[in-house]
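K.L.:
When you get a sec, could you build the whole thing from the sequences and use the hints?
Chains as they are written, first to last, in our numbering: chain A, 1 to 161; chain B, 1 to 414; chain C, 1 to 153.
Please note that the accuracy of each hint is not assured.
[What the hints assert, rightly or not] Listed next, the in silico DSSO-like pairs over lysine-lysine satisfying Cα-Cα at most 30 Å (straight line):
1) B:313 <-> A:55
2) B:235 <-> B:255
3) A:34 <-> B:235
4) A:34 <-> B:61
5) A:34 <-> B:255
6) A:55 <-> B:369
7) A:55 <-> B:334
[Stated by the list, open to error] Here are some, though not all, of the chain A residues that point toward chain C, as calculated from beta-carbon distances under 10 Å:
8) 124
9) 126
10) 129
11) 131
12) 139
13) 140
14) 141
15) 142
16) 144
17) 145
[Claimed, not checked] Label-pair distances were calculated between CB atoms; the ranges are:
18) B:225 <-> C:10: 56 to 66 Å
19) C:125 <-> A:121: 35 to 45 Å
20) C:124 <-> A:128: 26 to 36 Å
21) A:4 <-> B:167: 48 to 58 Å
22) A:36 <-> B:329: 48 to 58 Å
23) C:146 <-> B:304: 56 to 66 Å
24) A:8 <-> B:31: 49 to 59 Å
25) C:80 <-> B:32: 10 to 20 Å
No lab work stands behind these hints: they were computed from the structure. The beta-carbon is built from N, C-alpha and C at its ideal position, and this holds for glycine as well.
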Amino acid sequence: MIDEALVVESGISAGDPWLTVEAGAIRDALTGLKHDGYRLMCFMTCVDHLADSSKEWPARFELVYQLRNLESREEIRVRTFVDGETPRIDSVQDIFPPANWDEREVYDMFGVVFNDHPDLSRILMPDDWVGHPLRRDYPVGGDPVEFSAEHETWQTAPEKA
Amino acid sequence: MSTTGSSVSTTTQGVTITKSGESGAFGGELLTVNFGPHHPSTHGVLRLIVDLDGEQIRRIKPVIGYLHTGIEKQMEALRWQQGVVVTDRHDYLSPPINNLAYALAVERLMGVEATPRAQVLRVIMSELTRLSSHLVWLGTSGIELGAMSMLMYCFRERETILNMNEEISGYRMHTSYIRPGGVMADATPRWLEMVDQFVRDMPGHIDEYESLLTMNPIFRSRTMEIGRLSADDAKVLGATGPMLRGSGVAWDLRKSMPYSGYENYDFEVATSDRCDCYGRYLVRIKEMREAVKIIGQALDKLPDGPVNIDDRKMLPPPREELETSMEAVIHHFKLFTEGYSVPAGDVYVAVESGRGENGCYVVSDGTHKPRRVKFRSASFVNLQALERMALNHMIADMVAIIGTADTVLGDVDR
Amino acid sequence: MGQNVLTTTLGKLIGWGRGNSVWPAQFGLACCAIEMIHTATASVDIARFGSEAMRASPRQADLMIVSGRVSQKMAPILRTIYDQMPEPKWVISMGACASTGGVFNNYALLQGVDKIVPVDVYVPGCPPRPEDLLNALMILQERIKAQGFSPRQ
Numbered sequence: 001m002i003d004e005a006l007v008v009e010s011g012i013s014a015g016d017p018w019l020t021v022e023a024g025a026i027r028d029a030l031t032g033l034k035h036d037g038y039r040l041m042c043f044m045t046c047v048d049h050l051a052d053s054s055k056e057w058p059a060r061f062e063l064v065y066q067l068r069n070l071e072s073r074e075e076i077r078v079r080t081f082v083d084g085e086t087p088r089i090d091s092v093q094d095i096f097p098p099a100n101w102d103e104r105e106v107y108d109m110f111g112v113v114f115n116d117h118p119d120l121s122r123i124l125m126p127d128d129w130v131g132h133p134l135r136r137d138y139p140v141g142g143d144p145v146e147f148s149a150e151h152e153t154w155q156t157a158p159e160k161a
Numbered sequence: 001m002s003t004t005g006s007s008v009s010t011t012t013q014g015v016t017i018t019k020s021g022e023s024g025a026f027g028g029e030l031l032t033v034n035f036g037p038h039h040p041s042t043h044g045v046l047r048l049i050v051d052l053d054g055e056q057i058r059r060i061k062p063v064i065g066y067l068h069t070g071i072e073k074q075m076e077a078l079r080w081q082q083g084v085v086v087t088d089r090h091d092y093l094s095p096p097i098n099n100l101a102y103a104l105a106v107e108r109l110m111g112v113e114a115t116p117r118a119q120v121l122r123v124i125m126s127e128l129t130r131l132s133s134h135l136v137w138l139g140t141s142g143i144e145l146g147a148m149s150m151l152m153y154c155f156r157e158r159e160t161i162l163n164m165n166e167e168i169s170g171y172r173m174h175t176s177y178i179r180p181g182g183v184m185a186d187a188t189p190r191w192l193e194m195v196d197q198f199v200r201d202m203p204g205h206i207d208e209y210e211s212l213l214t215m216n217p218i219f220r221s222r223t224m225e226i227g228r229l230s231a232d233d234a235k236v237l238g239a240t241g242p243m244l245r246g247s248g249v250a251w252d253l254r255k256s257m258p259y260s261g262y263e264n265y266d267f268e269v270a271t272s273d274r275c276d277c278y279g280r281y282l283v284r285i286k287e288m289r290e291a292v293k294i295i296g297q298a299l300d301k302l303p304d305g306p307v308n309i310d311d312r313k314m315l316p317p318p319r320e321e322l323e324t325s326m327e328a329v330i331h332h333f334k335l336f337t338e339g340y341s342v343p344a345g346d347v348y349v350a351v352e353s354g355r356g357e358n359g360c361y362v363v364s365d366g367t368h369k370p371r372r373v374k375f376r377s378a379s380f381v382n383l384q385a386l387e388r389m390a391l392n393h394m395i396a397d398m399v400a401i402i403g404t405a406d407t408v409l410g411d412v413d414r
Numbered sequence: 001m002g003q004n005v006l007t008t009t010l011g012k013l014i015g016w017g018r019g020n021s022v023w024p025a026q027f028g029l030a031c032c033a034i035e036m037i038h039t040a041t042a043s044v045d046i047a048r049f050g051s052e053a054m055r056a057s058p059r060q061a062d063l064m065i066v067s068g069r070v071s072q073k074m075a076p077i078l079r080t081i082y083d084q085m086p087e088p089k090w091v092i093s094m095g096a097c098a099s100t101g102g103v104f105n106n107y108a109l110l111q112g113v114d115k116i117v118p119v120d121v122y123v124p125g126c127p128p129r130p131e132d133l134l135n136a137l138m139i140l141q142e143r144i145k146a147q148g149f150s151p152r153q
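P.N.:
Right, here's the structure in full:
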């Protein structure tokens with residue numbers, strides 16, 4: 001039964017139905033939806049809303065779970081918001097096994113800790129990496145590109161070319 | 001060494017390995033073998049830490065991240081139209097299909113739909129890409145199981161497909177052909193001739209590949225009953241694509257949740273009830289045949305008309321207009337300096353690539369750069385099924401099993 | 001003496017031998033690796049340049065063709081493989097990502113493989129055509145033949 005009591009907000013975005021639940025209720029919400037037939041988890045990820053002025057966000061990190069019902073071909077997106085220097089939320093990898101590596105990736109890239117995850121370790125970055133790259137306050141990195149617009153010396157001066 | 005029951009952890013080169021200290025069937029310890037990341041048969045930089053009891057596999061731990069490119073972070077630093085170039089490169093065997101997922105997502109957020117001609121061209125490019133991706137799979141799987149000539153034959157056909165890519169977009173591999181708003185350029189008459197000739201020649205080539213492998217006793221004994229993944233396991237583990245269809249589940253996004261006009265084509269969904277590596281091989285061969293059928297139908301259906309939508313706020317005006325219209329100059333300037341802004345919201349679009357469900361989840365905060373672009377990668381999820389498929393097989397079967405999963409590490413690591 | 005004897009210097013002979021039988025170590029990382037496979041297949045045949053034997057073990061190879069993007073996690077492994085190759089050895093950096101970081105100017109990639117190994121020939125392109133890789137191999141062969149007897153500096 002879709003957990004009416006747990007739904008904080010719902011809506012449709014570009015044709016995709018979504019609903020928001022409290023972070024503590026995520027396991028109940030996903031279990032309820034799985035009983036309703038939404039048995040495939042397409043993906044789960046996190047969005048960092050630091051300095052995002054498009055709307056009033058309840059918290060900085062938004063966790064997104066996309067579920068699909070293979071019989072009725074419907075999809076639903078479940079959102080929840082967590083905050084803090086080390087945000088924490090319950091792991092759902094026993095309800096939906098594909099979430100196992102997705103949660104490791106969210107931990108690696110955003111620093112969200114999943115309670116009761118069997119092996120919460122970095123998956124994409126080296127194990128001794130410091131920092132969580134996909135957070136908005138982590139710099140893109142790389143080398144600065146040297147443009148030659150400010151060069152004073154030419155290899156062959158234009159008038160001699 | 002008597003480490004039964006205790007664990008030993010070491011961190012080398014940034015990866016931590018914990019040895020379990022368990023014992024094997026004859027009282028000896030389990031042997032931990034490192035398979036990769038530099039290995040000829042892992043289809044890219046995949047590292048597998050395999051616990052062996054004699055020759056039998058007891059546990060596999062895949063370690064990924066050796067090709068992590070920061071694509072999702074890179075997309076946040078690029079404008080919407082610049083991002084198309086980067087989307088080519090995560091699943092590098094099917095660039096137009098990646099472009100399609102991103103383009104459909106951005107178009108949904110902008111509230112526009114591509115023109116009919118563009119939709120048919122998108123379908124043709126997607127199916128050509130599906131063929132070229134399956135050809136790479138067939139060639140490399142063949143050579144790993146000992147059939148060296150498969151590589152030569154498959155890549156010969158792939159050269160034809162890459163020549164067609166080059167004709168229509170200028171690039172062999174990373175075409176960046178499908179963009180939000182339409183496609184990069186219209187089909188040239190020479191391209192239409194090349195595709196027509198290809199549709200006539202390809203079924204004969206697929207017959208050639210089948211004559212080499214399908215009844216070949218060595219191929220059959222190396223792939224039959226190897227890598228079993230039951231339908232329930234596949235569904236629970238979230239596998240998609242030939243991994244799911246090879247276990248008998250007829251789920252193909254092109255039929256079940258069609259996009260870009262796929263509902264107008266007549267084709268079958270390839271499934272096999274065998275649940276093993278041989279079944280997946282049969283599924284992919286059938287998919288190749290169906291792809292040729294779809295391209296033939298699409299060529300007949302190709303309508304006339306423009307390939308790009310007529311929205312100056314999203315796509316630049318034709319260059320001739322810049323000489324006469326001030327408004328065209330302003331649009332051109334705005335598009336190439338700041339780029340267009342996409343209304344705030346989020347959307348998820350999934351398309352069927354050669355490996356399964358490749359999707360693009362786009363979050364926009366209303367500015368000219370995305371807030372978050374997440375790629376749902378078929379290979380990332382399919383790789384989690386590897387352990388279930390390989391348990392209690394011999395280490396020599398590992399090659400066939402990794403081959404059948406058809407993972408592209410660029411997609412896994414992004 | 002007739003036409004059956006040929007005279008040359010020892011250096012030129014060794015340079016000719018080394019240059020015409022350069023065995024690449026398989027180091028296909030990403031998209032460029034697929035173009036490298038095309039270079040080895042029938043239409044653009046690298047075997048006619050003596051490089052058909054793409055060895056899986058670095059200990060039997062002379063040339064490392066770094067084809068693809070090198071991430072932070074892969075960099076120490078690349079250096080280990082390079083160290084395992086016996087002298088004389090050469091490196092071709094194939095593609096934009098291996099040469100300079102390519103499209104990806106970010107935290108995750110090494111901005112150019114020449115930060116950890118010395119490179120002999122850079123091949124631009126994303127990915128370069130198979131003929132570009134052959135061109136790079138031919139340039140490398142000229143250099144090897146010119147070096148002759150003396151080891152690479």
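K.L.:
Taking the closest Cβ pair, is residue 144 of chain A under 10 Å from chain C?
P.N.:
holds (9 Å)
K.L.:
Are residue 131 of chain A and chain C close enough, Cβ to Cβ, to be under 10 Å, as the hint says?
P.N.:
holds (9 Å)
K.L.:
That 56 to 66 Å hint for residue 225 of chain B and residue 10 of chain C (C-beta), does it hold up?
P.N.:
holds (59 Å)
K.L.:
Below or equal to 30 Å on CA atoms is what counts here, so check residue 34 of chain A against residue 255 of chain B.
P.N.:
holds (24 Å)
K.L.:
Range hint 26 to 36 Å: satisfied by the CB atoms of residue 124 of chain C and residue 128 of chain A?
P.N.:
Since the Cβ atoms of residue 124 of chain C and residue 128 of chain A sit about 33 Å apart, the hinted range of 26 to 36 Å holds.
K.L.:
Between residue 235 of chain B and residue 255 of chain B, does the CA-CA distance stay at or below 30 Å?
P.N.:
Holds - the C-alpha atoms of residue 255 of chain B and residue 235 of chain B are around 18 Å apart, at most 30 Å.
K.L.:
Given the hint of 56 to 66 Å, check if residue 146 of chain C and residue 304 of chain B actually sit that far apart at their C-beta atoms.
P.N.:
Given a distance of about 59 Å, which is inside 56 to 66 Å, the answer is holds.
K.L.:
Minimum Cβ distance from residue 126 of chain A to chain C below 10 Å?
P.N.:
holds (5 Å)
K.L.:
For the hint on residue 140 of chain A, just tell me whether its beta-carbon gets within less than 10 Å of chain C.
P.N.:
Constraint on residue 140 of chain A satisfied, holds at 5 Å.
K.L.:
Cβ-Cβ distance between residue 125 of chain C and residue 121 of chain A: within 35 to 45 Å?
P.N.:
Roughly 37 Å apart at Cβ, these two residues keep to the hinted range, so it holds.
K.L.:
Could one say that the CB atoms of residue 8 of chain A and residue 31 of chain B fall in the range 49 to 59 Å?
P.N.:
holds (52 Å)
K.L.:
Please verify whether residue 34 of chain A and residue 235 of chain B have alpha carbons no more than 30 Å apart.
P.N.:
Holds: residue 34 of chain A and residue 235 of chain B sit about 13 Å apart, inside 30 Å.
Violation of the numbered hints given earlier is absent; every hint is satisfied by the structure.
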